[in-house]
Structure formats: structure tokens, C-alpha cells
Amino acid sequence: MNSLITNTTFLLSLLAGCIGAVWALSEIVGEFQTETPRALRTPGAWLLVAVNFLAAALIFRMAAEIAPGARSWLAALAIGLSWPTVFRNISLKLTQPISEQAGNETAAIRLEQAYANVQKLALQLVNSVLTRQRMRLLTRVMQTDLKDLERYARHMSAVSPQQISADFIDLVMQRNVDEDAKKAHLTALLINTFNRHVLDDFIRETKKKELKN
Amino acid sequence: MVIATDYTLLSGSVAAVEIARNLTEVQREILQTLKDKGPGLMLEVAVRVLKFQEDIYQPLRELQQIGLVETQTVSGGRFGNDLFTLTTLGDLVLRVLNDPSFQRRAAPETPLADARKQEAELLNKLGDASKEQGNLEKAIEYYQQALNITRGLASEESAR
Chain C
1 MNSLITNTTF LLSLLAGCIG AVWALSEIVG EFQTETPRAL RTPGAWLLVA
51 VNFLAAALIF RMAAEIAPGA RSWLAALAIG LSWPTVFRNI SLKLTQPISE
101 QAGNETAAIR LEQAYANVQK LALQLVNSVL TRQRMRLLTR VMQTDLKDLE
151 RYARHMSAVS PQQISADFID LVMQRNVDED AKKAHLTALL INTFNRHVLD
201 DFIRETKKKE LKN
Chain L
1 MVIATDYTLL SGSVAAVEIA RNLTEVQREI LQTLKDKGPG LMLEVAVRVL
51 KFQEDIYQPL RELQQIGLVE TQTVSGGRFG NDLFTLTTLG DLVLRVLNDP
101 SFQRRAAPET PLADARKQEA ELLNKLGDAS KEQGNLEKAI EYYQQALNIT
151 RGLASEESAR
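Listed in order, the protein sequences are those of chains C and L.
My numbering puts the first residue of the first sequence at 1, with every later residue one more than the last.
My numbering puts the first residue of the second sequence at 1, with every later residue one more than the last.
Excised from the complex, chain L in its bound form:
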């Protein structure tokens, strides 16, 4: 997954949030390790995230294309000559990734919440069916139950 991004077009945090959303788990780990442990050769970056060079080659090159990491040529001998460093943009994206509000938004919905959403939809359908049959009291009851579930989900969402 490569996002074609012109660095000059990036307008601060908005672009950083967009980039952060599209990063894979390995790419996030790579950025974090470059921040925590400093620049490193590909071999070093790989072992820091407990992977091998071939596993991180592609993610690292993608990060380089996006402009989150850059390379500096060093004489690393047989261990490689490219020293990978975090760029200013990479640092910004990492800050976004570590922001609690971003993490909360990025967190997937729990299966329980999904089930409750489905339950609310089903209750609404039952309400519609009851209304069609002319049983308004029952329909209102179903709608009320669906409304309570939706309200509960909304308040949980805002609390998160």
C-alpha cells in the first residue's frame, strides 16, 4: 500500500492523520523503533521489530516513498549502506499514532457493540412490521427498545 504524497502539499496534522490511518502495524512499529532507538541499518531495524530483513524491506521502502523515513549513506560494509532515519513528517505521524484520541478512533468496534447495533436494527424492522399490521402499541414498544439501545451505544461512543 503506497500513498502518493507530495510533501509540499501536506498541510500539517490533517495529512499526518490521513497517513497514520493507512499505515500497517509493521510500519507503525518501524516508526516507533526509529524514534525510540534512533537511526539504524535495515538489519538493525528488522531485529528491533523481531522480524527479518525480507519482511520489512517493502514496508520500509513504502515509508521512504511516503516521506516518513529517509536514508543516509554510511559505510556499513556487508551489513548494508543505508541508515534509516525518521523524518520530521515521520515524527509528526508518530505523534498522531501515539495520541490517545487517535487510538480511540482507530480502535475497531467490539463484537458486542456490533451485536447491539444489529439488535437495534432488528427491533426497528419489527416496529415497521407491527406498524404495517396496524399494531401501533407494539410498534412503539419496539421503536422504544431500539431507541434505548442506540442511545446507549451513542453514550458509550462519546465516553470513549
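Bound conformation, chain C alone:
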């Protein structure tokens, strides 16, 4: 009988945890709308998912221990959905001051702040990985010919509904800087106006052309 209750509690904790994890996934999707699949493949994203999963599961477990009546799938669902709201509004006072005036300065852990710190760390980790990936792509494109890159940028500008300003391409090309700087600007322009696939296609086309030659 005991093992049945333990098993049920465990399964319900998993349910609450899974809903918590879905919350985290929705945060990542909202934050990295254009790069969701790549963002989800970073350790930072999984840190956030894991923290959300564990927090929801633990809160359900605590609720089930305190109030055995909470051992139901409905309670697990409710805790999974509402834990961020509850959790973010709790603060743990570490000391109780004797004087009332000192009350505002009491050492306390605001769980909202703790969660915000974890969230910030996770987002920084994701951003760091995504930026490194973009820079690696930029470096690869820098090895191609400037004329090809310019032609490709103008072509993309002409055929795509998200048009790049042709004037800006002209400005880049007329600048009195070295070829690498021009390439860096054109590449950054393409990656920021369209997406990485555009540059992947460009690299592939350039390689094909080289092979033909």
C-alpha cells in the first residue's frame, strides 16, 4: 500500500515537473524566436528546463507531504502551472529583528531574485553559444570572394521580401577600408536581415563553383 502511494506521488511529481519544464521551454521560445531550435540545443536552455522541472516537482512533493489530499493529478497540474507565480512571490527571512525599524533591512532571500539569477545565467549561456556559432559562420564566409558576396547580397535583396537597402550595400562597398571589413559588414547584414541558412547556401554555392572551376 505504501509503495503504491509512493509510486503515485512520484508519478504526479513527474507530471508537475513536466509542466514546469514546458514553462521553461515557452520562455526559451519567446526569447529566441528566430533561433529556437539552435537555442534548445545549448546547455543553458537545458539548465533552465531542469531548474523549472525540479522546482515544480519539489513543490508538488512538499505540498503532497504537508497535505496528503493534494496527491491528485489535478493538484499536480495546478502546481505545475502556478508554481512560477507562487515561487516568485515568496521571500525567506533569515533573521527576525528585535526592533521593528530594522525590519526593512532584514537579511532575506527573495526566491524571485534567485530564479531571476538562474534565468539570467541560462540566457547568457545560450547567447554565448549562439554568438560563437554566428562568429564561426562569419569567419567561414570571410574566406570567400568579396565580389561573390556582394553579388549574393544584392541578389538576396532583390528576390526577398525582406529587402536590404541597396544604398547600404553601396556604402559598404565604397568605404575606404580593407576587404575583410567589407566582407564582415556584408555577412553581418545578411545574417541579421535573413538567417544563417542564407549564408549556409552561399557557402555551398561558392564551394560548388570552386569545384566546377
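Treat the hints as calculated values from the structure; they're not laboratory data.
Here the structure is a predicted model, which is why all the values come from computation and not from measurement.
Warning: the hint list may mix true and false statements.
[Stated by the list, open to error] Per the computed footprint, the stretches of chain L lying under chain C, defined by three or more beta-carbons under 8 angstroms from a beta-carbon of chain C, are:
1) 43-54
2) 61-75
[As the list claims (entries may be wrong)] Just some of the chain C residues that point at chain L, by a computed CB distance under 8 angstroms:
3) N127
4) R132
5) Q133
6) L138
7) P161
8) F168
9) A184
10) N192
11) F194
12) N195
[Stated by the list, open to error] The calculated lysine-lysine pairs, modelled on DSS-like cross-linking and capped at a C-alpha distance of 27 angstroms, are:
13) L:K51 with C:K182
14) C:K120 with C:K147
15) C:K182 with C:K208
16) C:K212 with C:K147
17) L:K37 with C:K183
18) C:K147 with C:K208
19) C:K182 with L:K131
20) C:K209 with C:K147
21) L:K138 with L:K117
22) L:K37 with C:K120
23) C:K183 with L:K51
24) L:K138 with L:K125
25) L:K35 with L:K51
26) L:K131 with L:K117
27) C:K183 with C:K207
28) L:K35 with C:K120
29) L:K37 with L:K51
30) C:K209 with C:K182
31) C:K183 with L:K35
32) L:K51 with C:K147
33) C:K212 with C:K183
34) C:K147 with C:K207
Using N, Cα and C, we set each Cβ at its ideal position, and we do this for glycine too.
Fit chain L to the given chain C structure using the hints.
For chain L alone, coordinates are given in the frame of chain C:
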């Protein structure tokens, strides 16, 4: 233009509105692009607003000083190591900037409205002059015309 602001002194929207009012067009564009396309290195932020790094260096640093953007150190190699991100305050200011009521207030008066204001002032002066000459009927006529223009401008303002 740098506004010395202590983050702890900011009391919500009021401070955000004040900051939003003092931002330049480039700074507004930078905030919007950081919101729409996410964090970016200086090179990336520059091309997103169709400018070069040297053009946005100063505006970006000012935004950082005000506390609207923050940097995270990444290994971007030769493309820079500072990744610029929108802060919570930056997000709030951007919401203010995109608020239709703020945009309406920030919009400059049309030249036509200016001309009508001048016309009303002139009519008031003519009314004063007529009053001094003892021609009260004419003065009332001028004042009435000036009043009609002012009323028209006020109703246009409230409709906006």
C-alpha cells in the same frame, strides 16, 4: 547626450517616459532592434540599423550608461567581445516608446497648426489695437475669430 541616472532612483514608468523623451532616433532604433532580433555584437547592431560601428559607438555607450543596455563578454574573436543585450529598464523604455499615446505627444506640431496659432495671436493683437482706438465692435470681432481658432486647435489636440 547622457542622462546621469541612478537605477535605484527610477520609479517605474515616470522615469522611463523621461528617459524615452531624451533618446535620439538612432538610440530608439538600437533598442528596437535589440528587442526584435535579440542580443548582438556591435557590428551586428550597427548593420541592423544600417549604420557602421563608429556611428553607433557613442549612442550605444550612452544607452549602456543610462542602463538601457548591458554587455555580456563572449568570445566573438576579431568581431568584438561585447554582446549587447536589452535590460529590463530598456524593455520598459521601449514599451513607452511604442505606446501610441507617447508617440502622439512626442509628435511635433504640424506647420499648419503653428501658422494657425500665429494667426490667433495676431487677431488678439488686432483686437487689442481696436480696443485702444475705441472700436469695441471690431475688437470683439477679432477676439471672436481668435477664440474660434484657439477652440479649433484645442479640439484637434484632444482628438489626437
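Hints versus structure:
no.	hint	result
1	43-54	holds (count 7)
2	61-75	holds (count 3)
3	N127	5 angstroms, holds
4	R132	6 angstroms, holds
5	Q133	11 angstroms, violated
6	L138	6 angstroms, holds
7	P161	16 angstroms, violated
8	F168	5 angstroms, holds
9	A184	6 angstroms, holds
10	N192	5 angstroms, holds
11	F194	11 angstroms, violated
12	N195	10 angstroms, violated
13	L:K51 with C:K182	13 angstroms, holds
14	C:K120 with C:K147	41 angstroms, violated
15	C:K182 with C:K208	23 angstroms, holds
16	C:K212 with C:K147	18 angstroms, holds
17	L:K37 with C:K183	21 angstroms, holds
18	C:K147 with C:K208	16 angstroms, holds
19	C:K182 with L:K131	71 angstroms, violated
20	C:K209 with C:K147	14 angstroms, holds
21	L:K138 with L:K117	20 angstroms, holds
22	L:K37 with C:K120	18 angstroms, holds
23	C:K183 with L:K51	15 angstroms, holds
24	L:K138 with L:K125	12 angstroms, holds
25	L:K35 with L:K51	18 angstroms, holds
26	L:K131 with L:K117	21 angstroms, holds
27	C:K183 with C:K207	17 angstroms, holds
28	L:K35 with C:K120	16 angstroms, holds
29	L:K37 with L:K51	16 angstroms, holds
30	C:K209 with C:K182	22 angstroms, holds
31	C:K183 with L:K35	26 angstroms, holds
32	L:K51 with C:K147	21 angstroms, holds
33	C:K212 with C:K183	23 angstroms, holds
34	C:K147 with C:K207	15 angstroms, holds
The structure shown violates the earlier hints numbered 5, 7, 11, 12, 14, 19.
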